[in-house]
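Asks: The chain contents come next:
Protein chains: 2
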Amino acid sequence: MNRIQEYIKKNEEGMMNDLFSLIRIPSISALPEHKDDMTACAQRWKQLLLEAGADEAIVMPSAGNPIVYAQKLVNPQAKTVLVYAHYDVMPAEPLELWKSQPFEPEIRDGYIWARGADDDKGQSFIQVKAFEYLVKNNLLKNNVKFIFEGEEEIGSPSLEAFCEEHKEMLRADIILVSDTSMLGADLPSLTTGLRGLAYWEIEVTGPNRDLHSGHFGGAVANPINTLCAMISRIVDHDGRITIPGFYDDVEEVPQAEREMIAQIPFDEEKYKASIGVKELFGEKGYSTLERNSCRPSFDVCGIWGGYTGEGSKTVLPSKAYAKVSCRLVPHQDHHKISKLFAEYITSIAPQSVQVKVTPMHGGQGYVCPITLPAYQAAQKGFEIAFGKKPLAVRRGGSIPIISTFEQVLGIKTILMGFGLESNAIHSPNENCSLDIFRKGIEAVAEFHLAYQE
Amino acid sequence: MNRIQEYIKKNEEGMMNDLFSLIRIPSISALPEHKDDMTACAQRWKQLLLEAGADEAIVMPSAGNPIVYAQKLVNPQAKTVLVYAHYDVMPAEPLELWKSQPFEPEIRDGYIWARGADDDKGQSFIQVKAFEYLVKNNLLKNNVKFIFEGEEEIGSPSLEAFCEEHKEMLRADIILVSDTSMLGADLPSLTTGLRGLAYWEIEVTGPNRDLHSGHFGGAVANPINTLCAMISRIVDHDGRITIPGFYDDVEEVPQAEREMIAQIPFDEEKYKASIGVKELFGEKGYSTLERNSCRPSFDVCGIWGGYTGEGSKTVLPSKAYAKVSCRLVPHQDHHKISKLFAEYITSIAPQSVQVKVTPMHGGQGYVCPITLPAYQAAQKGFEIAFGKKPLAVRRGGSIPIISTFEQVLGIKTILMGFGLESNAIHSPNENCSLDIFRKGIEAVAEFHLAYQE
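So the protein sequences, as listed, match chains A and B.
For the first sequence, our numbering begins at 477 and goes up steadily by one.
For the second sequence, our numbering begins at 477 and goes up steadily by one.
Everything labelled a hint here was simulated from the structure, so no lab data went into it.
What you are looking at is a predicted structure, and each value in this text was computed from that prediction instead of being measured.
It is possible that some hints are incorrect.
As the list makes no split between identical chains, a pair holds if one copy fits it or if it spans any two.
[Claimed, not checked] Each computed DMTMM-like pair below joins lysine to aspartate or glutamate, with the alpha-carbon atoms no more than 20 Å apart:
hint: 1; residue 1: Lys754; residue 2: Glu679
hint: 2; residue 1: Lys511; residue 2: Asp649
hint: 3; residue 1: Lys815; residue 2: Glu744
hint: 4; residue 1: Lys832; residue 2: Glu786
hint: 5; residue 1: Lys575; residue 2: Glu677
hint: 6; residue 1: Lys555; residue 2: Glu532
hint: 7; residue 1: Lys511; residue 2: Glu786
hint: 8; residue 1: Lys548; residue 2: Glu509
hint: 9; residue 1: Lys832; residue 2: Glu489
hint: 10; residue 1: Lys832; residue 2: Glu755
Based on the provided sequences and hints, a complete structural model is requested.
Replies: Structural data, given as structure tokens:
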């Protein structure tokens, strides 16, 4: 057992208590009734950052939820690392599928179970505890800054303006983020690319009130039928998105990268079994790993309309709604895609209904060159903690703020994520492996040691 | 003012109190939490039927909600009229759109406003008050029986067995039902045909849990996308239903009937304005009035799946659901259509999801010949009360039990409905015109007087 492993072992009980105190605050940014929880969670982080060794920590207002900023500046000549994380979490619904309460964390079978156990309270805690280890053992040679926001899960609407306003405060050589996942527990990897995102709500209005489907059915367009018909025209049988101009800026996956992706150990049968499907479906001409990381996608995230209670009410409803999103790839501009989407939906909407498309949020994709010194340091950290060199892979998720950091602050980001696919982030029974939690702290500590060289 | 009009005027306050006492009982058959209200409503009817002049009235058990039966047998040689109605109502949602409470009736501007004001508490009350008038004035020459059930809005699942078991008790020359509507307040009409109904719930399961749409989007079939695609393949661009075999038994509308329909005063612009749509949509080659009465239709009555809360949760959901129904025309067998539908949906379901189709309920269509003596009596009743001869029209709604009566009891039904399209049955702000309520009582009383001749 090395020095850092000993430190973790000795302090683990206290670490869990602190982490659990964060998780117990239901900081759900999507639901306005949790407004007070956002402030409470930010305040709790401020306290924990000071205890971990920050010299200063403050809760700062933003246009939306407050932002926690902390710093420990050890040497003006040394490298400065800005750690970004988010303290907000996704809604916990459907609650009935949780084996334990989402906001009452439990440790079972070597895992922490709770909303936020991974995304992102668990992962950001790894960053803070690695920092604490270095401070307490007098090993910290980098300047470290922390910025924790409370709106990542709703698209970080306030962070860009905050960055514009606080460029000097946020000045750094590199940004470090733990909010992504690895290929597997024994397959450490570093994320070198992220997909962008565009998200819309579609509202279809047919008649001005719910109608009796017997008296009107067959003569009046049904807004749910119409919404379904429009949605069915967004992806074709080959899994291609049909919005005119959608692929114009899509960077074709380079052959070298396709070859690297093909070498990633990936068992398609196991993958299907783990999510319980008989067949996969995606864009023709691409492999599963290409489809979920380097190619754009279109998903209906939610749909509702008409009678959804028990039994069988016959009704021709007035309204139908859907929440839909596209994952985008580098070079696709989410503003442009958002416009193309709205234009397309409007163009295919029949005159028998009224259709309103509301853009909800969006973000650009991101690519990180593996030649950056900070990337090399991260690679070394993983190699020491996990015993093998991490693979460089693009991932399908979106952290829109990463490309914003690059545009506004001019700083590249290293995505040192410790999640696993089985961690069920955004789903019931979110979890985090204690083993990987420990290795994560070690990897981040070793990053700092390597980066200062 | 004639004798019956005087009677109504004198007794109207008491009539309203009685009707309101029925409406205040939220007898929503679709919702199990209203079980006790069903019994309470049946008991209330029993009391009101006895007060109106029935010699006997009882609340009888059925496989589902209780059935109210009452009778007044005046002469074994006279004609026997069986009055059928239902005391259950539709759910009142969406509650926020009601101008007054759905189960606290209000009279405003000459209308009664409440759930059930028309369908069917208001209309069945017309039957009972006409009967009461005849009894109290010693004018009743027909035997009259009443059967009021509590499951019409959920497809009358128990009534067929009840009829099989009580054929003798229910023996009659004609069945009289007030549960349909007229073409307009100044356009009295009698319904001579009804559409049948088939209703299903579709459940589509994709992955075994909600997935992160970034990590899986593009590689895994989304059950909402898939459900929308399947629904979009049920009706084609010409408004034709694409289920193989669906039209096999459809009776083409006879030319003579099409000509009669074309003569019905109908203002399409007004119709569109009244429901707030710019354009209508329906089966190519048929007029609006044909489409909503003599031609089958397909409507999604409800749809739901994924995240439907506030904000924008990115998720690739595990499940998607829809409640869907077809209105059928005479000769289409709902059992056969139910099977064809399930087969079709199964045949177009991709292997990437699991699809379950659950038939919910169904009923056959109905046609009433205008040569029946009882039809002639009803026509006379309308003519006296409304001042003009009613038009004979087919309507698009379904009362599945009407064809069951014909099959099981061998009795034809006269549909003496007094509703208006603007009564908003099944919708918020259901209402009933007091003027038509009074004329309805007069028409039904005159029916009895004419039928006994």
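Asks: Indicate, hint by hint, whether the structure satisfies it.
Replies: A quick look at each hint next to the structure:
1. Only between protomers do Lys754 and Glu679 lie at most 20 Å apart by alpha-carbon distance; the minimum there is 17 Å, versus 33 Å within a single protomer.
2. Taking identical chains as interchangeable, the C-alpha atoms of Lys511 and Asp649 are never at most 20 Å apart, the minima being 33 Å within one chain and 68 Å between chains.
3. Proximity of Lys815 and Glu744 under a CA criterion of 20 Å is satisfied in neither setting, with 36 Å inside one chain copy and 36 Å between copies.
4. Within a single copy, Lys832 and Glu786 get their C-alpha atoms only as close as 29 Å, which misses the 20 Å cut-off; across copies the closest is 17 Å, which meets it.
5. Proximity of Lys575 to Glu677 under the C-alpha cut-off of 20 Å is found in neither arrangement, the shortest distances being 31 Å within a copy and 28 Å between copies.
6. In this assembly of identical chains, Lys555 and Glu532 lie within 20 Å of each other by CA distance solely inside one copy; the values are 18 Å within and 95 Å between copies.
7. Taking identical chains as interchangeable, the C-alpha atoms of Lys511 and Glu786 lie at most 20 Å apart only when they sit on different chains, with a minimum of 14 Å there against 33 Å within one chain.
8. For a Cα distance limit of 20 Å, the shortest separation of Lys548 from Glu509 qualifies neither inside one copy, at 34 Å, nor across copies, at 60 Å.
9. In this assembly of identical chains, Lys832 and Glu489 lie within 20 Å of each other by CA distance neither inside one copy nor across copies; the values are 52 Å within and 48 Å between.
10. Within a single copy, Lys832 and Glu755 get their C-alpha atoms only as close as 34 Å, which misses the 20 Å cut-off; across copies the closest is 17 Å, which meets it.
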